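Number of protein chains: 2
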Amino acid sequence: MSSNPTCPTDESARAIRTFTASARPVDLAFWLDRLETEKAGAEFAKLDRARQAEVFGCLPLDLQAELARRVPHQDLVRIVAGLNADDRVDLFNRLTPEAQVRLAQDLEPKAQADIRRLAGYAEESAGAIMTSDYAVLDADMTARAALDALRQQATGSETIYRSYVVDADHRLIGSVRLHALVLAAEETPLTEIMETEPVSVTSDTDQEIVGQMVARYDLLAIPVVDGGGRLVGIVTHDDATDVMEAEATEDFQKMSHVLPFKQTMRRAAIGTLYSRRIVWLALLVFGNLFSGAGIAYFEDMILAYVSLVFFLPLLIDSSGNAGAQSATLMVRALATGDVEMKDWRDLILREVAVAAALGATMAAVVFPLGAWRGGVDVAITVGLTMFVVVLIGSLVGMSLPFLLSRLRLDPATASGPLVTTISDAMGVLIYFSIATLVLSL
Amino acid sequence: MSSNPTCPTDESARAIRTFTASARPVDLAFWLDRLETEKAGAEFAKLDRARQAEVFGCLPLDLQAELARRVPHQDLVRIVAGLNADDRVDLFNRLTPEAQVRLAQDLEPKAQADIRRLAGYAEESAGAIMTSDYAVLDADMTARAALDALRQQATGSETIYRSYVVDADHRLIGSVRLHALVLAAEETPLTEIMETEPVSVTSDTDQEIVGQMVARYDLLAIPVVDGGGRLVGIVTHDDATDVMEAEATEDFQKMSHVLPFKQTMRRAAIGTLYSRRIVWLALLVFGNLFSGAGIAYFEDMILAYVSLVFFLPLLIDSSGNAGAQSATLMVRALATGDVEMKDWRDLILREVAVAAALGATMAAVVFPLGAWRGGVDVAITVGLTMFVVVLIGSLVGMSLPFLLSRLRLDPATASGPLVTTISDAMGVLIYFSIATLVLSL
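Residue numbers (the UniProt record's numbering), protein chains in the order written: chain H, 1 to 441; chain D, 1 to 441.
Accuracy of the hints is not assured; some may be wrong.
Since the list gives no way to pick one copy over another, a pair counts as held whenever it fits inside one copy or between any two copies.
Here are the computed lysine-lysine pairs in the DSSO-like style, where the Cα-Cα straight-line distance is at most 27 Å [unchecked claim]:
1) Lys262 x Lys39
2) Lys342 x Lys110
3) Lys262 x Lys342
4) Lys342 x Lys39
5) Lys262 x Lys110
6) Lys39 x Lys110
In short, the hints are calculated from the structure, not lab data.
On a predicted model such as this, the values are computed, not experimentally measured, just so you know.
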């Protein structure tokens, strides 16, 4: 590991000064993020101008927005002017309308134009996450002219490793690797070096698709074009990685019955966590009323065979678990593009085999328990029920994501809760129905 | 979107030929992967040599291993020799020992040495996922000499965008961006251009940490050093992205009570899915016996107040759901590095507040239901129980990942099942204990 410190050696003012002077901007940003917001503001104010500019862009957006309210106006203008175009517009969108007006009037026209253009895109689209920091070349250049142009355009960023070739209308017609330019003979026409028909996305493409394509083609960056094929921005690989991580986190939240939220777990407010968690918790109560109604319907049987109740949680849990296994595996497979809608038929056939095997095994496990608690009749009831509810639970769990996708609903949102509710209700009905059959014979 | 086809227009031989001739290697590989293995082998054999070499490295490892068994030996040697070093060793590790010997003896000494070296690293470590395709420069070069050296070393890969500077012992002392080399005056010493103390990892670092660091520092690649600081390989950003996606998929599997498996959902065999799912399903049955025992203990009460049973699934489900929400959010936060072990105290205080609010709301929802079903006594019992089990379930769910981490166990593996089991057992005990108290007053 590098010897650059990633945090101060202790809490003393001297150790902190040493750290803030020598740490990498990313590490300094991480350390600031872990402080109380007031302390973070105080420490940020102590940094010199250059350092502030370096560090600010590395801070999480939440903290950027907080600091933006605390730093003097001229400092903010200077910092914001130095941000990457995509980071700048993200911060801008977080400010109050008054703060936006105050800030915009002091920015350079180019930065103002950037913000106007980038802020107009739908959230979580390619347009919303792209940056306008990229290198363009004309199709009629030579390799030498192209390298000269890149030297002119060169920023601190790594985006010149792939430059984009446009025609007179700024339509994307090719991309060039810096590597190829450096290796080519100086008078080679750019059109001979460039790769034609580069992979690209339109500005309204969903960010999850953008991330999948960057990963699929191992790209450093993916160009973004408008409806007319004109180049409007690029999404870099690191931003694509951040998108994929955020999308996965969102799916984890949805699968555990939490309405998605953007704040980090560390910073989320009590109110946010409450409101995002209570909705499904409460809705699931009503879902449970179905199983409760089923139990009420069979109350006489419960009085007659109280030992049946012993197995109730076990059966509906097993059904719910099997269904949750299927649902989660399928939601993830659909999200990563591993599985497509048309695969459903083959997958359901395989799931029948797997679920039948699981159900049979579970029935065999539970049969002796049933015999021990209530005799052979209870054993048969419980075993038969286990087989049926595990089989049906798995099939329902596997099919729900496809069904929700077909209905243009997000599979991750409802698969978890629906699987649980359906398993519970179905489990109760099947259990007591089978019990009625078996115990009446 | 680009007009390069990503799949044939129809199933005719002519459409397929057009597609295989014009598609990008990545897209051709995706299409082959979706075919039956035999058909994929047949179509692969029809491609010309250059195409085969291009496409093979883009195929998923499973399919590479399958094709390796089917293609003629000399073709395999040629293809394997052309792979990236890290892809080559991954495939090699999948072959049977006999196939490995056959293949190795026909490879170039350099490729053989690569395989020997890379194959020796522990699975899922930096050493196992790194490649030896990288550019090295000597510290005493000038910018011009460095560019010349890079032209010599230039491969088709993009890894020369960042080259690594080593001393006489091959110890990593700096890294250089191609960008900086191109812009610098020709006689500038490399030591003035290079960045010292670059971020790096050791070869035994876990792959998940490697991925986190590449994402954290927005790196194109991260150098890997051995115990003595000598450069032994690099992990590129695209491989890091693949690792993060695989790690997230693994966490999804674990959180839904599935033992992790590497095969894609589309290709996984019935036996694999069965064995990975049955273990927790069966273990959870035994966990459920605790709650069953609790129910058995209170059988007299159930006979006396049968309406209590109506609320049993609802209560233990709510407790389990609340616990699963907490556990999942915390496991994900720990996995992405958002939250650290030392945050536990602050987080538990916040969780108490959130869980109390959730529990109170849920109790208010369920109280009128209890009154409707069984009168005020049942309403009080059910409301009080709901508050307690949601509160405790949440706290347990939030704490388990920290506890498991502290015990050096993987938090994702057990958090899901343990939360469910604890919620069930605890829910039953608390419910009937409160009922005993309330209904006896």
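Outcome of the hint check:
With identical chains, the CA atoms of Lys262 and Lys39 are at most 27 Å apart within one copy only, with a shortest distance of 23 Å there and 45 Å across copies. Taking the shortest Cα distances, Lys342 and Lys110 never come within 27 Å of each other, neither inside one copy (47 Å) nor across copies (44 Å). Proximity of Lys262 and Lys342 under a CA criterion of 27 Å is satisfied inter-copy only: 22 Å between copies versus 32 Å inside one chain copy. For a Cα distance limit of 27 Å, the shortest separation of Lys342 from Lys39 across copies, 19 Å, qualifies, whereas the shortest one inside one copy, 54 Å, does not.
Taking identical chains as interchangeable, the C-alpha atoms of Lys262 and Lys110 are never at most 27 Å apart, the minima being 30 Å within one chain and 49 Å between chains. In this homomeric assembly, Lys39 and Lys110 never come within 27 Å of each other (Cα to Cα): the closest approach is 34 Å inside a single copy and 55 Å across copies.
Of the numbered hints given earlier, the model fails hints 2, 5, 6; all others are met.
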